[in-house]
Amino acid sequence: MDAVQRYGAGPFFLNENIELSRGEHRGKPTDFVHSSAFGQWGNIMVEFTQQVSDTTHSPFRDMFQPGENGLHHVAIMVEDMDESIAHFATEGMPLVTRATTRLGGADFGFVDAIDSLGHMIEIYPKSDSLIAFYDFVRTASENWDGSDPLRKV
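Here numbering that gives the first Met the number 0 is used: the first residue of the sequence shown is 0, the next is one more, and so on.
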């Protein structure tokens with residue numbers, strides 16, 4: 000039995016080689032390139048992410064070395080990035096990464112919740128385009144027959 004039959008998640012939409020127009024990790028510039036595949040599993044969006052650049056200074060390398068894997072983060076949309084960053088900081092979960100993607104200009108950050116939750120929290124501002132993408136992935140999963148489980152964005 001393959002993963003599609005066993006878990007029923009998908010289909011997944013692959014966005015390869017996501018570059019940053021700017022990035023800062025733990026106070027220093029970073030330029031990690033990563034690929035992500037987004038799919039739906041019931042009410043949960045699933046993102047498989049792989050850092051593809053050799054950059055060692057990144058939120059992904061904080062937790063996993065090349066070839067290692069595991070749960071890296073959960074993600075939430077926020078109304079106000081600065082307010083959310085301040086809130087998490089008061090809870091002992093500091094912002095460690097802030098970046099913007101080159102294509103599309105999506106702003107995002109990683110909050111270090113490793114000590115308390117065992118993973119990071121990704122935050123990004125709520126936007127119409129992001130909500131539309133989430134809706135697109137969810138709609139594709141409805142009545143999905145398991146065919147063509149990996150699709151390029």
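Warning: the hint list may mix true and false statements.
Think about it this way: if two alpha-carbon atoms lie no more than 25 Å apart in a straight line, the pair counts; the simulated SDA-like pairs of lysine to any residue are [what the hints assert, rightly or not]:
1. LYS125 - PHE47
2. LYS151 - PHE135
3. LYS125 - MET92
It should be emphasised that the hints constitute simulated quantities derived from the structure, not laboratory data.
Hints versus structure:
The straight-line distance between the Cα atoms of LYS125 and PHE47 is roughly 21 Å, inside the 25 Å bound, and the hint therefore holds. Of the pairs offered as hints, the one joining LYS151 and PHE135 holds, with about 13 Å between alpha carbons and a cut-off of 25 Å not exceeded. About 21 Å separates the Cα atoms of LYS125 and MET92, which keeps this hinted pair within 25 Å; it holds.
In this structure, none of the earlier numbered hints is contradicted; all agree with it.
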